[in-house]
Amino acid sequence: MPELLLELFGEEIPARMQARAADDLARLAGAALAPLLPQAPMTFHGPRRIALSCTVAAGVAETRSSERGPRIAAPEQALAGFLRKHGAARDALRQEGDFWVLDRISPGIAAAALIARELPGLLRRFPWPKSMRWGGSSAFTWVRPLRRILCVLDGAAVPFDLRDGGDDGHGVVADALSEGHRFLAPAPFAVRSRADWQEGLRARFVIADAAERRARIAAGLRDLAATEGLHVAEDAGLLDEVTGLVEWPVPMLGRIDAAFMDLPPEVMQVSMRVNQRYFALRDGAGRAAPYFAFIANIPGTDGGAAIVAGNERVLRARFADARHFWDADRRHRLESRVAALDGITFEARLGTQGERVRRLMRLAAMIAPQVGADPARAERAALLTKADLVTGMVGEFPELQGVMGRYYALHDHEDADIADAIRDHYAPKGPADTVPLAKVSVAVALADKIDTLAAFFAIGEKPTGSGDPFALRRAALGILRIVRENGLRLPLRPLFADVLHASGWPIIEEEICDFLLDRLVVQMRADGARYDVVQAVRHFADGEGSDVTLLLARAAAVGAMLGTGEGANLLAGYRRAANILRIEERRDGPHDGPVEAALLTEPAEEALFTALAHVEADVAHHIAGENFAAAVESLATLRPTLDAFFDRVTVNDPHPEIRRNRLRLLARVRAAMHLAADFSKIEG
Amino acid sequence: MAATRVRSESFQALILRLHAFWSAQGCVILQPYDMEVGAGTFHPATTLRALGRRPWRAAYVQPSRRPADGRYGENPNRLQHYYQYQVIMKPSPPDAQALLLESYREIGLDPLRHDFRFVEDDWESPTLGAWGLGWEVWCDGMEVGQFTYFQQVGGIAAALPSFEMTYGLERLAMYVQGVENVFDLDFNGAGVRYGDVFLRAEREYSAYNFEHADTGMLVRHFADAERECAALLAARLALPAYDQCIKASHLFNLLDARGVISVAERASYIGRVRTLARGCCEAWLDGEEPANRELISKT
Chain B
1 MPELLLELFG EEIPARMQAR AADDLARLAG AALAPLLPQA PMTFHGPRRI
51 ALSCTVAAGV AETRSSERGP RIAAPEQALA GFLRKHGAAR DALRQEGDFW
101 VLDRISPGIA AAALIARELP GLLRRFPWPK SMRWGGSSAF TWVRPLRRIL
151 CVLDGAAVPF DLRDGGDDGH GVVADALSEG HRFLAPAPFA VRSRADWQEG
201 LRARFVIADA AERRARIAAG LRDLAATEGL HVAEDAGLLD EVTGLVEWPV
251 PMLGRIDAAF MDLPPEVMQV SMRVNQRYFA LRDGAGRAAP YFAFIANIPG
301 TDGGAAIVAG NERVLRARFA DARHFWDADR RHRLESRVAA LDGITFEARL
351 GTQGERVRRL MRLAAMIAPQ VGADPARAER AALLTKADLV TGMVGEFPEL
401 QGVMGRYYAL HDHEDADIAD AIRDHYAPKG PADTVPLAKV SVAVALADKI
451 DTLAAFFAIG EKPTGSGDPF ALRRAALGIL RIVRENGLRL PLRPLFADVL
501 HASGWPIIEE EICDFLLDRL VVQMRADGAR YDVVQAVRHF ADGEGSDVTL
551 LLARAAAVGA MLGTGEGANL LAGYRRAANI LRIEERRDGP HDGPVEAALL
601 TEPAEEALFT ALAHVEADVA HHIAGENFAA AVESLATLRP TLDAFFDRVT
651 VNDPHPEIRR NRLRLLARVR AAMHLAADFS KIEG
Chain D
1001 MAATRVRSES FQALILRLHA FWSAQGCVIL QPYDMEVGAG TFHPATTLRA
1051 LGRRPWRAAY VQPSRRPADG RYGENPNRLQ HYYQYQVIMK PSPPDAQALL
1101 LESYREIGLD PLRHDFRFVE DDWESPTLGA WGLGWEVWCD GMEVGQFTYF
1151 QQVGGIAAAL PSFEMTYGLE RLAMYVQGVE NVFDLDFNGA GVRYGDVFLR
1201 AEREYSAYNF EHADTGMLVR HFADAERECA ALLAARLALP AYDQCIKASH
1251 LFNLLDARGV ISVAERASYI GRVRTLARGC CEAWLDGEEP ANRELISKT
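First to last, the sequence lines map onto chains B and D. Throughout the first sequence, residue numbering follows our numbering, covering 1 to 684 in sequence. Throughout the second sequence, residue numbering follows our numbering, covering 1001 to 1299 in sequence.
These are computed hints drawn from the structure, not numbers from a lab. Possibly wrong hints are sitting among the right ones.
Computed footprint of chain D on chain B, listed as stretches where at least three residues anywhere in the stretch have a Cβ under 8 angstroms from a Cβ of chain D [to be verified]:
(1) 307–321
(2) 401–409
(3) 433–446
(4) 466–473
Quick look at which bits of chain D chain B covers, simulated, 3 or more residues with Cβ under 8 angstroms [as the list claims (entries may be wrong)]:
(5) 1107–1113
(6) 1189–1197
Ranges between beta-carbon positions, derived for each pair [to be verified]:
(7) Ala1267/D to Pro375/B: 35 to 41 angstroms
(8) Val1197/D to Ala305/B: 49 to 55 angstroms
(9) Asp1184/D to Asp262/B: 53 to 59 angstroms
(10) Ala1157/D to Ala438/B: 29 to 35 angstroms
(11) Gly237/B to Asp1184/D: 37 to 43 angstroms
(12) Pro264/B to Gly1259/D: 23 to 29 angstroms
The beta-carbon is built from N, C-alpha and C at its ideal position, and this holds for glycine as well.
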């Protein structure tokens, strides 16, 4: 089958957009060229080009079909409508029996013609996240200027252009030419096939395949680090980004002046990774080594000496800047900066950071005893949580908030648990982040998130389907994770109520707790856990003081029971009872009156009556003792008795009072089950 | 061709070389605009000339004031007053990247010896209501320029997208000369250093910007400039009106450096300057040629 190669070559494409663009190209070309049945697609992406190759059919054959029209006897309008619909003239019709028939011929098309017809529109509508205009002659937009299109089918160019009326499409015409490395081999060269193109590029200092480039970079870094007895700190995200920044990767190693090695590792990391895309190196013991690695796009005519020297110089300047802030910031005690927070707006309607800190102090001290922390220490940590926002380092590198506060606190001889709490009170910052476990940190981290939720709900800034500008979902998930992963017994509702009340905000803690439980269900669903069980028990959150740990223990016990054969049968019995009741109660109203022992006639219903009395007491007792496993075990003992009841007893007895009594018995079964969970919410 | 050029170029020689290079590309070589601005983009030769359909090529040095970046002359890499070299070509030529790289060769940076890269950096000026797409230009990991294809200015879509290039001259000169402290730059190749010219100014202006600027007066002047700009726009005097817009922008920067603007107020000040900029851009287009009216109304 003929091979198609399409390369879109232009000015540098942002690294983060390349892979997605290659996927989009494959998807859109697959659809546009579908009549040619494209096979075995391969995609390529890099800083200056995205490309696609596949095999296609040589063309689409001519097809004939016949369309039956109206009866010969039909009114004239029907025939006119048929002709209009098919764009046909009357003399194209022939007669077949009682009907008009139209013979239609779809002409065949050669692959090259179809490709040339389809691709311009595909490129015009290409879904770049952001496109731009350039030059003065065309409205065709692309991510950055598109300079060249290579389109080769079976060894020959497929010419097409992007012209549109008076618009010259930037004068780009597809041909069989590609270009190599911008500096090392800039002249265009002719291409006959995908393999030819890839080898031609390799000879011209371009690795076209992103996966190969990435592997080369990883191996090159590893080998280079090994020459100094070091290894590269794992960083898959940086590796991906750098793969999109170079066509001809050349790993290089730079030195870091010893004078900077006492900077906090996080500070070095920001300068190196975020600003410079450098890789950090570690020694055998995992300590930061005084080297950095980076990937150049060219070997350099002097063996890379100038490139290494230049990069070392840049990093030196950045570290010198950081060093300045590091030294200057430590001349002031962290505590002395708290006052300045009164001059910093937290949110226009919610006052200053200073006010927020005072709320956090109060809240952290209140939470502390419930999580095993010393209230005075939690309050002290809360006082200092936001002080680093007014330091020079955090002003320069906002992503270091919290981290710098911890260092400055340690420098001031604050206790380690207080310093750690300053850093960790933002945690968890996302699903991949760890949850604080130290007691003071837990108290302050919870206070921070509870205050955030309460404050933004109070001013009506709830997350919507499309937006969550204040990251309230993240705050809610943070609370849930801290509670769960620490196994905390912490009723949340009273805490929200207290914050709202103390700040004079509307008393909407119920709404906030509902939001939290919604997030819990979403999280369980995302984890692949039984979220329906949580739905079945969430109404107990009220009675249990919105103690998430207790709620989850109940849900876990119910879920475990439902996982057994016994539990599944019990659920079936419950549903049978509930269905009968739903139908009968719709007619009669609720059957919740007392069961009369005197009206029980069958041994099976007597047995159920007796068993229920025992199980009800047992379940209530275990639930009061928070032993949910024992409570559901006790419920499960009802199973054989309930099954026997359904086997042997007819609920709808001809005597109305016996029928009513049996319905009441079933209502009692339902109520007993509901002591543990609302089983009607269970799915499946 | 330029690989062997001497490394120790003086600061002023570097400017002269850039002038010669861009002059050869058909640029009008202009002198700095005679007002305080935060960046070379504010020069009317860029902001206003980027609009409309009339082709335009210009290059100039623009002293740029960033009051908040002052460090009293104590930081080797930070200045509250520095020089930008600004190039604008409208419409953007097809070989803009190649021209730019050629200009680096001219000042002694050979792209076969150094590692040049174009790293994504979208540019936006909220005060000018302007944005564009482009890159930071990196040389051996250092940002040596900002390359932008203008898409919009003053809230008006650019009819002919321009290519804009901004070089940070001090940083570039430090790299070419191999100097680690900006104040040690060889200014004229004859014994005068950058610090001899500017160190005292950095100290005094830092003190002014951070400690002495009379904020009450600055607030009044901002309101004055805003009012004057509106009055001049009503008289269809685009260029004098734009001067008042520039003034308002710089006064805002000073107020910001003094730390007296809250987060909420900040957005409002930026919005006020943007309104002025938009009015000036519309008035400029309107006065250029009547055919431009449709460009205004389309946005």
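Consistency of the hints with the structure:
1. Coverage of a stretch by a chain is defined here by at least three residues with a beta carbon nearer than 8 angstroms to that chain's beta carbons; for the region 307–321 of chain B and chain D the count is 11, and the condition holds.
2. With a cut-off of 8 angstroms between beta carbons, the region 401–409 of chain B has 0 residues touching chain D; three or more are needed, and the interface restraint is violated.
3. Note: the region 433–446 of chain B has 0 residues with beta-carbon separation from chain D under 8 angstroms; the three-residue rule is not met and the coverage is violated.
4. Given as covered by chain D, the region 466–473 of chain B fails the check, having 0 residues with a CB less than 8 angstroms from a CB of that chain where 3 are the minimum.
5. Chain B is given as covering the region 1107–1113 of chain D, and this holds because 4 residues of the stretch bring a CB closer than 8 angstroms to a CB of that chain, at least three being needed.
6. Counting residues of the region 1189–1197 of chain D whose CB falls under 8 angstroms from any CB of chain B gives 0; the rule of at least 3 is not met.
7. The hinted window of 35 to 41 angstroms between alanine 1267/D and proline 375/B holds, with their beta carbons roughly 39 angstroms apart.
8. Between valine 1197/D and alanine 305/B the C-beta distance comes to about 33 angstroms, which lies outside the given range of 49 to 55 angstroms.
9. The hinted window of 53 to 59 angstroms between aspartate 1184/D and aspartate 262/B is violated, with their beta carbons roughly 26 angstroms apart.
10. In this structure the hint that alanine 1157/D and alanine 438/B lie 29 to 35 angstroms apart at CB is violated, the actual value being about 55 angstroms.
11. Between glycine 237/B and aspartate 1184/D the CB atoms are about 38 angstroms apart, so this pair conforms to the stated range of 37 to 43 angstroms.
12. For proline 264/B paired with glycine 1259/D, a C-beta distance near 26 angstroms keeps the hint of 23 to 29 angstroms intact.
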